[in-house]
Amino acid sequence: MKSLATRPMRLAITALVILAGGAGLVGTGRWGQQVEYWREEAGIAQPQMATSIKDIPVQELTGIVLGALMAGFRSQAANFCWWKSQQYWEEEGHWPRVLPMMKAACVLDPYFPEFWEVTSWHEAYNLAAEYEIRDLPQDQYIDMGIKTLTTGLLYNPHAVQLYELLGWTYRDKRGDLDKAIYYSRQAATVFHVRAEVTKQTAIIQPRFVAHMYEEAGKPDEALLQYQELMIDHPEDSVGIGATLTIRDRYLEADRARRQSRLVEAERLVRLHLHDDPMDKIGLHMLAQIREAKGDTYGALAAWEAGAMVWKDTFAQRKYVESLRLIGRDQYQLQGIPKKNMLIAKRVADHLLQPRQILGDGVMQRGCGVVLRYIPRGGTERPLNPETPLRPGDVLVAKPEMYPGPQGVRAVFYYHGREIGQDSEPPYTTTITEDMLPNESEVSGLTQFAKVELFVPSEQPKYPARFDLREIKMQGRGAPGPSPVAPPSSPMAGPGGGGPGVQTPPSSPMAGPGGAGPGGQSPPSSPRT
Amino acid sequence: MREVVTIGFATFGEAIRRRILVIFLLFAILSIVGSQVFKTFSPGEEDKFVVDLGLNSIKWFSMLIAILLGAVMIPQEIERKTLHTVLAKPVGRGQFVLGKFLGTCLAVLFNAALMALAFAVVYVIQQKGQNLDPALLLQFLLTCAELVLFISIIIFLSTFASTVFVLVVSFCVIVLGSTANFWKQIPAESWISQVVFLGINALAPNFEIFDLSRAILTHASVSPDLIYYPMVYSAMYTSIMLLLSFVVFNEREF
Chain A
1 MKSLATRPMR LAITALVILA GGAGLVGTGR WGQQVEYWRE EAGIAQPQMA
51 TSIKDIPVQE LTGIVLGALM AGFRSQAANF CWWKSQQYWE EEGHWPRVLP
101 MMKAACVLDP YFPEFWEVTS WHEAYNLAAE YEIRDLPQDQ YIDMGIKTLT
151 TGLLYNPHAV QLYELLGWTY RDKRGDLDKA IYYSRQAATV FHVRAEVTKQ
201 TAIIQPRFVA HMYEEAGKPD EALLQYQELM IDHPEDSVGI GATLTIRDRY
251 LEADRARRQS RLVEAERLVR LHLHDDPMDK IGLHMLAQIR EAKGDTYGAL
301 AAWEAGAMVW KDTFAQRKYV ESLRLIGRDQ YQLQGIPKKN MLIAKRVADH
351 LLQPRQILGD GVMQRGCGVV LRYIPRGGTE RPLNPETPLR PGDVLVAKPE
401 MYPGPQGVRA VFYYHGREIG QDSEPPYTTT ITEDMLPNES EVSGLTQFAK
451 VELFVPSEQP KYPARFDLRE IKMQGRGAPG PSPVAPPSSP MAGPGGGGPG
501 VQTPPSSPMA GPGGAGPGGQ SPPSSPRT
Chain B
1 MREVVTIGFA TFGEAIRRRI LVIFLLFAIL SIVGSQVFKT FSPGEEDKFV
51 VDLGLNSIKW FSMLIAILLG AVMIPQEIER KTLHTVLAKP VGRGQFVLGK
101 FLGTCLAVLF NAALMALAFA VVYVIQQKGQ NLDPALLLQF LLTCAELVLF
151 ISIIIFLSTF ASTVFVLVVS FCVIVLGSTA NFWKQIPAES WISQVVFLGI
201 NALAPNFEIF DLSRAILTHA SVSPDLIYYP MVYSAMYTSI MLLLSFVVFN
251 EREF
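These protein sequences, in sequence, are chains A and B.
Residues in the first sequence are numbered from 1 upward in steps of one, following our numbering.
Residues in the second sequence are numbered from 1 upward in steps of one, following our numbering.
No lab work stands behind these hints: they were computed from the structure.
All residues carry an ideal CB built from backbone N, CA and C; glycine is no exception.
One or more hints might be untrue.
Claimed, not checked - The following label-pair restraints were derived from C-beta to C-beta distances:
#	chain 1	residue 1	chain 2	residue 2	range
1	A	PRO96	B	VAL22	42 to 52 Å
2	B	HIS219	A	VAL263	26 to 36 Å
3	A	LEU16	B	VAL22	35 to 45 Å
4	B	VAL37	A	THR245	31 to 41 Å
5	B	GLY92	A	GLN34	34 to 44 Å
6	A	GLN34	B	SER193	31 to 41 Å
7	B	VAL164	A	THR14	20 to 30 Å
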């Protein structure tokens, strides 16, 4: 009887204890969730898996990756994906899997900034530059690289190296100095950084920001940056040197510009450019002063000159923006069939993103043409856009993308006038006295030497080549000697505009004069 | 208490004599040391590779050892009838369970410590003789707390289920615990799934709160609270699991 009485009692107590245990587990579970929330706040929690699966490229969502996600091996799986991506990158023929693998690694271990950094670098630099392996326009790879970095920053808001690379990419690939300065400043000021990165960032990023202010034609801002830098690092030789240079070269012109003494500002900048004609900061300031004066075509010329300096993407971007401002690029694309549109786009791509060629990489023009010169009695050297040529000097055009082209013709221009042609490599022309312009003719777009290479087109219906830069200028100064050729002629002159001619283009198709390869796809161009 | 300690040490002695445990230990140490060889697979990310592989080897091999020890400790005693001999002595059922739990913990943590020692050597070599990151020591403490929690679940399961059942459910617990945050996010479309997800969220352990690898790799400072709270969580969960183990084992008829 006793056992019967105690048995139900014990069972009831057991049930009660189990219930209490269950309730305790629920309470503990809530406590665990709270701890996880605090970990998220502190920035040490692991990523949420639901988000991760959604973001993993479908082709890489293999059993290993899923298993790793489910069992908590995600960092190992990320390492594996990273290793495979490196392997694919090194092996030919596997490149289409490189990016998905890298992205899978990023998503599996998103709190490791180096994955985002290297993936973005591959996208914006390696894949964007490799014509042989990319299957999208170059711009899209650069956009992908930028997006990768911004996504990486969502997970790693304190990763200074991501800010650094984003600033660098905006400056180097997009020519967007405003955003580049913004992100570089973030990199310089972000408080929570890895020790070894901080060591560099303390000096390098403020210098970089100051230099970008210089490039943006804001020497006063640049000076402020250098002064801030030298408060902490008074011995910094770069800061001292840059401060002196800014004061010596640009500050006076900048003051004149800010006081609306634009003629004086331009004179001062040109004075400096006379000594150092390839100085891109000077060219940028010149363009901005001319913009302030309302001299659109003069500004365009200065931007073009800047765009010819190696890797001056800011000038390249401003140049294209200026072209867009006058509606030139739209006109250029009208009436061009789709195939040629693609070619035109690639030419534009190449113009905007020149590759380093021939070591010094100077004077890349249009579709891979390098213009050099041999001063009388001297040796061949890079030609500065505004280098004054003298009689006896020889211009040399070096196409770097035409392995033994047939029928290619080089047309040389100086100050807007055609001064010579050559159809046999090496393409050269010798400067004579009569080729030199009068001082009054030197103005606007036409104030430097250039060369155009093209293959005569067999399609008279369409322009023989694509030219982003040719501006037809009329009504300013005397018309140049170059005649306006019929549109069907591949040798149509430089837009009929002589030196000092300036009006918006009335006939967009009137003059070719571009640096493009004459409507022919370059042999090493990507697949169309 | 003396009985508990005696059973604990006996369990520990029995555990470390198992060959399978030594094999797992060797595999774990091989994996940790091998990270020095395989780090070349991740060019530029060698530190990450060594830390990831090292910490995860300690955790997962220790969990594997815990499953293999915990799953057989009590069921084997029942099957071999040796339990009756023990319970014939002045030893309570609760003391028996507690002794088994402590013995298993001792064996698993002993192995984890050996693995951690191997990892410390590899890490110092990788860092070219620099001092050990204190966060690694904190991670080891948290891994120990995690293992203790996990062993308590295995002991609870083994008080009423067979070895095979304990093995299967333990692996499920690992998956659920490692993906605890995932279940919080799944939208429940029916009341059944709602109940299931609620149950998982409420009852399954959260192993993710014991992970400091992100802080270690990014050299982020970790608030002491975030070490202390997971340990409190482990202590609470373990206490409840042991309480339930005592009650269930007490009611079980042999």
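Which of the listed hints are broken here?
2, 4 and 6
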